[in-house]
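There are 4 protein chains.
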Amino acid sequence: MASQSGRVLLAYSGGLDTSCILAWLIEQGYEVYAFMADVGQEEDFEAARVKALAVGAKKFFLEDLKREFVTDLIYPAVQANCIYENVYLLGTSLARPVIARGMIAIADQEGCDFVAHGCTGKGNDQVRFELAFYGLKPDIKVIAPWRIPEFYHRFAGRQALLAYAAQNQIPVQQTAAKPWSTDENLFHISYEAGILEDPNTTPPTDMWKLTQSLEDAPATPEKISIEFKAGLPVKVVTSDQKTITDPVDIFLTLNTLGRKHGIGRIDIVENRFIGVKSRGCYESPGATILRVAHMDIEGLTLDRNVRALRDQFVTVEFSRILYNGHFFTPEREFVTSAIPASQRTVNGVVRLKLYKGNVVVEGRYSDEGLYDERQSSMDELGGFEPTDTTGFIQIESIRIKQWAQANIRKGQAGVQPQDVYGTRV
Amino acid sequence: MASQSGRVLLAYSGGLDTSCILAWLIEQGYEVYAFMADVGQEEDFEAARVKALAVGAKKFFLEDLKREFVTDLIYPAVQANCIYENVYLLGTSLARPVIARGMIAIADQEGCDFVAHGCTGKGNDQVRFELAFYGLKPDIKVIAPWRIPEFYHRFAGRQALLAYAAQNQIPVQQTAAKPWSTDENLFHISYEAGILEDPNTTPPTDMWKLTQSLEDAPATPEKISIEFKAGLPVKVVTSDQKTITDPVDIFLTLNTLGRKHGIGRIDIVENRFIGVKSRGCYESPGATILRVAHMDIEGLTLDRNVRALRDQFVTVEFSRILYNGHFFTPEREFVTSAIPASQRTVNGVVRLKLYKGNVVVEGRYSDEGLYDERQSSMDELGGFEPTDTTGFIQIESIRIKQWAQANIRKGQAGVQPQDVYGTRV
Amino acid sequence: MASQSGRVLLAYSGGLDTSCILAWLIEQGYEVYAFMADVGQEEDFEAARVKALAVGAKKFFLEDLKREFVTDLIYPAVQANCIYENVYLLGTSLARPVIARGMIAIADQEGCDFVAHGCTGKGNDQVRFELAFYGLKPDIKVIAPWRIPEFYHRFAGRQALLAYAAQNQIPVQQTAAKPWSTDENLFHISYEAGILEDPNTTPPTDMWKLTQSLEDAPATPEKISIEFKAGLPVKVVTSDQKTITDPVDIFLTLNTLGRKHGIGRIDIVENRFIGVKSRGCYESPGATILRVAHMDIEGLTLDRNVRALRDQFVTVEFSRILYNGHFFTPEREFVTSAIPASQRTVNGVVRLKLYKGNVVVEGRYSDEGLYDERQSSMDELGGFEPTDTTGFIQIESIRIKQWAQANIRKGQAGVQPQDVYGTRV
Amino acid sequence: MASQSGRVLLAYSGGLDTSCILAWLIEQGYEVYAFMADVGQEEDFEAARVKALAVGAKKFFLEDLKREFVTDLIYPAVQANCIYENVYLLGTSLARPVIARGMIAIADQEGCDFVAHGCTGKGNDQVRFELAFYGLKPDIKVIAPWRIPEFYHRFAGRQALLAYAAQNQIPVQQTAAKPWSTDENLFHISYEAGILEDPNTTPPTDMWKLTQSLEDAPATPEKISIEFKAGLPVKVVTSDQKTITDPVDIFLTLNTLGRKHGIGRIDIVENRFIGVKSRGCYESPGATILRVAHMDIEGLTLDRNVRALRDQFVTVEFSRILYNGHFFTPEREFVTSAIPASQRTVNGVVRLKLYKGNVVVEGRYSDEGLYDERQSSMDELGGFEPTDTTGFIQIESIRIKQWAQANIRKGQAGVQPQDVYGTRV
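So the sequences go chain by chain: A, B, C and D. Read left to right, the first sequence gives residues 1 to 425 (the UniProt record's numbering). Read left to right, the second sequence gives residues 1 to 425 (the UniProt record's numbering). Read left to right, the third sequence gives residues 1 to 425 (the UniProt record's numbering). Read left to right, the fourth sequence gives residues 1 to 425 (the UniProt record's numbering).
Since the hints were made in silico from the structure, they are not lab data. Keep in mind the model is a prediction, meaning the values are calculated, not measured. Don't take each hint at face value.
It does not matter which identical chain is meant; a pair holds if it fits inside one copy or across any two.
Pairs of lysine to aspartate or glutamate residues, derived as EDC-like cross-links and limited to a Cα-Cα distance of at most 16 Å, are as follows [to be verified]:
1. Lys-59 x Asp-113
2. Lys-141 x Glu-385
3. Lys-410 x Asp-367
4. Lys-59 x Glu-184
5. Lys-223 x Glu-362
6. Lys-410 x Glu-368
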């Protein structure tokens, strides 16, 4: 017999919160199916399956989304050098669209009327999930218990959840809860909340899970090379001459190397979509290496004007779109449509040294031909006549001279920098 | 008796090139005054003075421009997080306007008809100097020998210069020329040309002049704090509790710390203003520390929307203006006029750990009040109701649902990412 | 004795809606003060006062905000050429901040705990009012009855309001309601809703209230001139040689002229802040004339690069800020801080012909000196050598040639436009 | 026998200048082929052919490029709403790439070593032609006589050209030269130089060649409709119910209608690429109608965020690229790659009234489904709950309240507009 309230597909994590939500949804008369996405997080999926079914889920779905996470989300973001507020590489933001798409696919297949999630009412992820749900299936109904007063008033605080778990025979891990929250996938791990809410608290050394500390990272540098085609990494050669070419393997290899060498830790105060400032710490080892390498090969192979326009348009806007959960939107479709033309010439190899948190570019080469030693050489006349530059400067200065003459005529020294930034006397 | 061709103020470096230019200008009938700017480079200014006069300069001017370099150029660039092509901190670009202004002041004072410089005809600096000259004094005449065919054909290659130097009793340093060119000031040192023209050549270890290598940098981290007021560093407290407050001292202290800890080396292929790709290596120790700290305190104290607009507008445009030598222009006046309003709230302290090339943010605090722990906390209801977020998401999704429904109605799955970036199967 | 619920300052219009809201608020136990702003709309303020007090308002405030509307809001928008979605001149958006500021001033003075308004729950104005309230007085409490279920369910439809009015002795105008809504101030009048909701319905001729129809506008053109100082209109000389110099008088004069000549009608489908598309018709007679004139004088007097940056930054962002009601925000403070530097040179006179909806520029002049006939003349060598242009083009082409050679080498004709937009063959 | 200097393909107009250039090139020892492009200008091509051969051209080529001009250049510009400095529709800029491509195709086919043109050394067209030549064939050599001192000193002034023409039996039209220059194609005609160089001179009535004056335009409005598919006009229905569907015919029909109704005249001071301000007058009748219609249908059918991003990115950048002659460049390839995704939903019909210079939108409709009457209606609850908007506003105000509270705490009334734009007292 169908439940009276309808069928819900719940984004299930195996943890205390979503287990309580599972039980509570059943209590509200819903038939609950549990959904887990494998996006590369370290997790005992089998234990979660057993637990979900024990708590009362009618079905359990585990979707392996690692490959599409890498190819559909991460790699376009690499091509576009995506970054939020100059620091955050968007690891959580990137995972949300593939998870949401996986959920909607199952919801469609299983005839679920609702999807539910355990995100808090103050964060970015609720927005990212729900806007993705609506962009994929505009008539889907969403249950977000942490925004339902009868739920959040009843479960105000961890003790209430633990009591409810005990009462509902929900098994609880005996380990003490960490004094922060995390979200992990193959791109990164994030830490926020708890003791991190004071932005002046230095994260404890044992918080960082993925990467070696700088101090403990190897004393010996390691050299690798990454080859890009159309802006995508297609080959990594490691220091022991192993060659990796599969997209997922490339990413995982770079993760391993980055973790070993202490690469990719950040600690920032960022601005959430809802307008709240929030402190977050992140480890993105492989992504950090890839970003350095991709930007470097672009220096060698990407036209200056394309690069500048792409930076102002695609990089900034695609990053904001990802952060704010606007992946399944017309503006995302628009912005990403410009990526291929920006990456057509981004072909070549970057040689890197990894050492104690540093990703050092040691050299790069390409057959693309946009770099021309003869042309840039200070030692020879090549490519063009020095006298041409005189003409260039004269033409460039027409407008500036005209403006300077007007200033002088009006006695307006006011525009000179000594007046803007203080007089030197 | 005045020279027949007129009086020239020559930007003099003390090196082979500008010494030969000095002699050549005299040969062409000019009266030559030599000008040197002290912008913090390591230089024997007295030896240069003696040499300039020996070669035939009628007068020699040494201007100490360090303070105005820091306060008028570097600090606005710090406030705006200036960077070119994501990597280069603009050390040479920043020095050019103060040097040009210093030269024009002397040229005005001494009644010089001409200014001359020894920049090559392929680089950025010729453009930066000359556009600055014209922006300050539109009727000044510029002599750029490396763009005058009779000069550059006569002096094609170092041997011709050495021969001319010998012939004109110009003293030449006996040390072998380095196989690259450098430009140094208190912000940075740059390396380019020579062996660096192959972008795949790793710079030799002994090239780097300012900073410790990562490997040789101290094994012990060092902790400092930087206080910002209106986006400017006003106090540095070092690990041994020294407090520095003078703007120039702050910058020099950070330089010393950065050099010690191997901070601020980069190696890039960049795009010169004239459209040529060029490989450059740079060391910007103090500037790198300051950039990390300033961006971090902005995370805590700067409004999200101001930050985003400033990044797209001021940061990008001011950086391009600086790189292309457009400092004394109406667009620079326009762009920098927006800096103060962007930095009004950027007040607070950042705590840093310096270690083997890394500038690690360990915490930050501010009285500014834009960060509110209660508001961002995942553990309490603070600042707003979770139910409000439901409304926010519903409204945010109106447009997206409408678009998704239109897609579904038209059967256009074409906009889904699996079609954009490959199907997952 | 104070009311039990608190004191509310209600934005009162004198119409059916806000009169019912007034009565309803009293019914809910509030003490209500009524507020009206005179922003130049055609209105019987005295009748409204009498009515408000009759319905039960304890006090009535009429604030004349016309001058600050012109000087604080309209003129900065003129300087910045503000426009939304290329068509809408933002007449309603511009009035909201001054009205909100006027209300908050009275609320402060009178010790009101609440402000209330009669905006619907689907439009822009609720957002504009409330964000302005919060930006000025963050702890103010807002009552928006049209978003309170007990109110909007009770008053679903005009009949319910009429019945409530009858029951509460609220006088109702006997004239039939127009089949659209309007908002009027000295900048414009807007029409929306009702029969206009079908975007294919041509607005009835008698809807347009301010301007002559094109067909009925005078058959004789009229010539005027407008003088700008720092981008602001400081003198209008009319065809009968009257000279107007007061800011408000200038605007009202241009309104009169524009209305007479059928200038400034538009009919668009725009995108509201909440993401809903909406059809609106507007008449902005004086503002349309001013916009044409201001953009024209900028052509003569504003540097090219400043203009381009201002267009992309200030014009676009300030327009969006105004439309979305973000006037009292840090980003507005930031964006408008750049206006003065953009308008320093915008000084001069534009001569216009007004005729049947057209604002024709007949000429313009300025002492600013950025336009130089000799320089632009095709008939003489002036300002620079034609050979300089050869150098300019050669340098400009370095990058392009390099790219073209790379394409040829790779056999990639793919980048040529025949492939992008179809082959001509 | 081949000429000693090489073979030149000359862009020939049939006028005095290029006829003299033709003769002069022969005098310099070149073999000259003459090239004319038919881009819709009113011209006696046969007379030009006869003249070119008479003056000494070895071959004459007339290429009909009208269709590719419309489909490859004009229509992408229509899709992108291209405009330069808010006023100029880029008629000359759009023609240059197709003409240059036509020339390079003939130069390739005929083995020409050089291309030559008669553009002055101060204008935009020299740059547009030459950058296009280099982008298509980077090793082509360009002869620009008006930038060669021996040419421009010899032919300083029209008298010298007339004398040379007489001496070389070059037929000269007996009609007096107009006191301005023009460039015509099917998109527009431009007027500049001569008496127009004084920006305060009103263009004489008889200058305007294409369009009726406003005064003489018909007293009766004319109604048409334009249907768009993917942002391109695919059907025009005229007032007499004629239906036009061919791309070129559509453009020509709109031209005829625009000319009749006095539509599309402009008079501006613009900024040339080389940094010189220049006065230009233009008539673009059909293009003006199309622009109004296209922007209107986008209001109905294009997502808000796509529109905003497209405006800031594609519209601005593609317009600048076109104006500056950067069509055959990587950045043009990049920017136009984003057009299709922006126009996917731009499908529908716009109804227009044409009358005395005005293009009045009377209505529009579309099946696209992004406009939803129910949703935008003020009269019904549709699409979303009014209470949702409360949540939206609360969340939108978090950041603003926080900022306002910080201001109040610091006593900084300084950010309120009365302080920015003057106190109201």
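Here is what the structure says about each hint:
1. Lys-59 x Asp-113: Result: close within a single copy only, 15 Å intra versus 53 Å inter.
2. Lys-141 x Glu-385: Result: close only across copies, 15 Å inter versus 67 Å intra.
3. Lys-410 x Asp-367: between (54 Å within a copy, 10 Å between copies)
4. Lys-59 x Glu-184: neither (24 Å within a copy, 59 Å between copies)
5. Lys-223 x Glu-362: within (9 Å within a copy, 29 Å between copies)
6. Lys-410 x Glu-368: between (51 Å within a copy, 9 Å between copies)
Of the numbered hints listed earlier, the single one contradicted by the structure is hint 4.
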